[in-house]
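So the sequences go chain by chain: H and S.
The first sequence runs 235 to 446 under our numbering.
The second sequence runs 2 to 342 under our numbering.
Just so you know, the hints here were simulated from the structure itself, not pulled from any lab data.
Hints may contain errors.
Claimed, not checked - Straight line, CA to CA, 30 Å or less: simulated DSS-like cross-link-like pairs of lysine-lysine: (1) H/K395 - S/K170; (2) S/K52 - H/K395; (3) H/K395 - S/K258; (4) H/K323 - H/K395; (5) S/K161 - H/K323; (6) H/K323 - S/K258; (7) H/K323 - S/K163; (8) S/K94 - S/K52; (9) H/K395 - S/K163; (10) S/K94 - S/K49.
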Amino acid sequence: MNLLGALSRECGAEVLKAFRAPEYVIPTIALPVAFYTIFGVLMNGGGGGGQQAVYLLATYGVFATMGPSMFGFGVGVAMERDRGWLDLKRVAPMPAWIYLVAKLFAALIFSVCTLSILYSVAGWAGGVSLPRTVWATLLAVHLGVTIPFSLLGLSLGFSLKGNGAVAVTNILYLGLSLLGGLWMPLMMFPGWLRDAAHTDGAWRGWHQRGTT
Amino acid sequence: MVFICQLTHTRLITKSTLKFKVKCSKRNEFEVTEDEATPIRLTGVSKKYGKVHALADVDLTIETGGISAILGPNGAGKTTLINILLGLVAPGKGSAQVFDGTPGRLLARRRIGAMLQDTELPELLTVAEHIALFSSYYPDPRPVVETLALAGLRDLANRKYKNLSGGQKRRVQFAAAIAGRPTLVFLDEPTTGLDLEARQGLWQVVQELSDDGATIILTTHYLEEADNLADRIIVIDQGSIVADGPTAEIRARVGGKKIRCRTSLSEADIAACSEVRSVQRAGRYMDILTSDEVATLRTLLERDAQLTDISVTGTGLEDAFTALTKRNAALDSHAQTGAAA
Numbered sequence: 235m236n237l238l239g240a241l242s243r244e245c246g247a248e249v250l251k252a253f254r255a256p257e258y259v260i261p262t263i264a265l266p267v268a269f270y271t272i273f274g275v276l277m278n279g280g281g282g283g284g285q286q287a288v289y290l291l292a293t294y295g296v297f298a299t300m301g302p303s304m305f306g307f308g309v310g311v312a313m314e315r316d317r318g319w320l321d322l323k324r325v326a327p328m329p330a331w332i333y334l335v336a337k338l339f340a341a342l343i344f345s346v347c348t349l350s351i352l353y354s355v356a357g358w359a360g361g362v363s364l365p366r367t368v369w370a371t372l373l374a375v376h377l378g379v380t381i382p383f384s385l386l387g388l389s390l391g392f393s394l395k396g397n398g399a400v401a402v403t404n405i406l407y408l409g410l411s412l413l414g415g416l417w418m419p420l421m422m423f424p425g426w427l428r429d430a431a432h433t434d435g436a437w438r439g440w441h442q443r444g445t446t
Numbered sequence: 002m003v004f005i006c007q008l009t010h011t012r013l014i015t016k017s018t019l020k021f022k023v024k025c026s027k028r029n030e031f032e033v034t035e036d037e038a039t040p041i042r043l044t045g046v047s048k049k050y051g052k053v054h055a056l057a058d059v060d061l062t063i064e065t066g067g068i069s070a071i072l073g074p075n076g077a078g079k080t081t082l083i084n085i086l087l088g089l090v091a092p093g094k095g096s097a098q099v100f101d102g103t104p105g106r107l108l109a110r111r112r113i114g115a116m117l118q119d120t121e122l123p124e125l126l127t128v129a130e131h132i133a134l135f136s137s138y139y140p141d142p143r144p145v146v147e148t149l150a151l152a153g154l155r156d157l158a159n160r161k162y163k164n165l166s167g168g169q170k171r172r173v174q175f176a177a178a179i180a181g182r183p184t185l186v187f188l189d190e191p192t193t194g195l196d197l198e199a200r201q202g203l204w205q206v207v208q209e210l211s212d213d214g215a216t217i218i219l220t221t222h223y224l225e226e227a228d229n230l231a232d233r234i235i236v237i238d239q240g241s242i243v244a245d246g247p248t249a250e251i252r253a254r255v256g257g258k259k260i261r262c263r264t265s266l267s268e269a270d271i272a273a274c275s276e277v278r279s280v281q282r283a284g285r286y287m288d289i290l291t292s293d294e295v296a297t298l299r300t301l302l303e304r305d306a307q308l309t310d311i312s313v314t315g316t317g318l319e320d321a322f323t324a325l326t327k328r329n330a331a332l333d334s335h336a337q338t339g340a341a342a
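Given the sequences, and given the hints that come with them, work out the whole structure.
Written out as structure tokens, the structure is:
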């Protein structure tokens, strides 16, 4: 069997599926871009430059990458499992990893699209100017976010039914983003919420890496 | 192999020519030498879901070639049987072998195509994209165009799956099952939701695949479907195989007529007639399955002057199952009355 052929077909199919679903495209691309433009650029007085502008780009970039991986895996796998599609895949002579790699590939393609819009907005209007190596590091960190959130999504997709997965993924996506300080810095939270946010240790790791 | 799809469309050349041509092609010779393993061998397979026996001690061997129909009422265990053979479900007890090895292993899957029940493909891909994707999994797939033509989907190639009718979706699933040129094809209730024309079209393609040497296993609850297609019928009820044999033989066992009437005769009296297969009281009526309705009616009319409300109908599948599943019980009671006399 031509594994490479199957893999490229599978990746192509996943990307097509994702780009043809407005209910997936709009929240995952438009939401982070809109949020960043409103909170990171307009309400921040054109970004104002400096550390704050970089901080906001770093956190909204993570927000932008979380969406495709959590929804692609969480909702995607739950739906396809519900519909019996996964059973047919298991019967087909295709190793399971191809399915997972293709979903990861689609999440990465999506993230790259959103991030390139986000970086453009940041560069032109958000007052962010960074050396090329820092841009590259930022991109690597942002794309790296895909891995843990894909795994989180995958465990949701395999433990929940279709509609339940949509609800839980949304709650986790928005909840983790808020608590992770992705929309606004943690110090702007009331004390009790800040304490709650600090319990999210793994999350803080990403966010600190983004700010340094 | 392009000629196969041409054949399907022109339907001019006879099957024997088709067979001859396929046998001449190099690819087929290769498959024949590769195909010495027994496609299916189940020994003492049982499967329980909770306290329900989905399968109880099933022995079944299916050799290469031919169309076998697994027939049974809903919940009889047909789908469990298929799922065990596909490696989706592990047998609780006993051994299941597909091509002389564990079901579901990659080497077996490469030679298998399957159409499952309750399966929906992703909605946003087109028919052609689905088939191209499925073909890419197999080592030696049919060209996509050919698969589409075989499943009667040429005009729908660029339509998204979500915009298809139920029957069209079923045909896409069928196309996916045969895309990889499998030598063992599982079709679980393949024609549910298809109209008569589409059903007959599918039967024809299944027949052609079989003529090409593929082993076909289909489940159905349409007796007509089994009758039209299968060389062998396996009747399964409450997890056990209750009948297994060539189609003609099974048909002879379940064929015949059903007489419904009101009579003062007892069940045992009627069952004593040699041509009567089973007798069952249904409220005020008596349901009699018989292989010779004329002889039975004559006996009934002779013996019972009060015989009324007579109707004679062909046996439906339900009656066939009743006959097959109650046959053993009827024989037992026969034996008992015989002993008492």
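Quick rundown of the hints versus the structure:
For the given pair, H/K395 sits about 23 Å from S/K170 by alpha-carbon distance, which is consistent with the 30 Å threshold. The suggested pairing of S/K52 with H/K395 holds, with an alpha-carbon distance near 25 Å, which does not exceed 30 Å. Restraint check for H/K395 and S/K258: the C-alpha separation of about 48 Å exceeds 30 Å, so the hint is violated. Simply put, H/K323 and H/K395 have alpha-carbon atoms about 18 Å apart, close enough for the 30 Å limit, and the pair holds.
Taking the CA atoms of S/K161 and H/K323, the gap is near 19 Å; set against the 30 Å cutoff, the hint holds. For the hint pairing H/K323 with S/K258, the CA-to-CA distance comes to about 45 Å; that exceeds 30 Å, so the pair is violated. Annotation: proposed proximity of H/K323 to S/K163 holds, straight-line Cα distance about 19 Å (limit 30 Å). At roughly 15 Å between alpha-carbon atoms, S/K94 and S/K52 fall within 30 Å of each other, so this suggested pair holds.
With a C-alpha separation of about 20 Å, the suggested pairing of H/K395 with S/K163 holds against the 30 Å cut-off. Restraint check for S/K94 and S/K49: satisfied, since their Cα atoms lie roughly 9 Å apart, inside the 30 Å limit.
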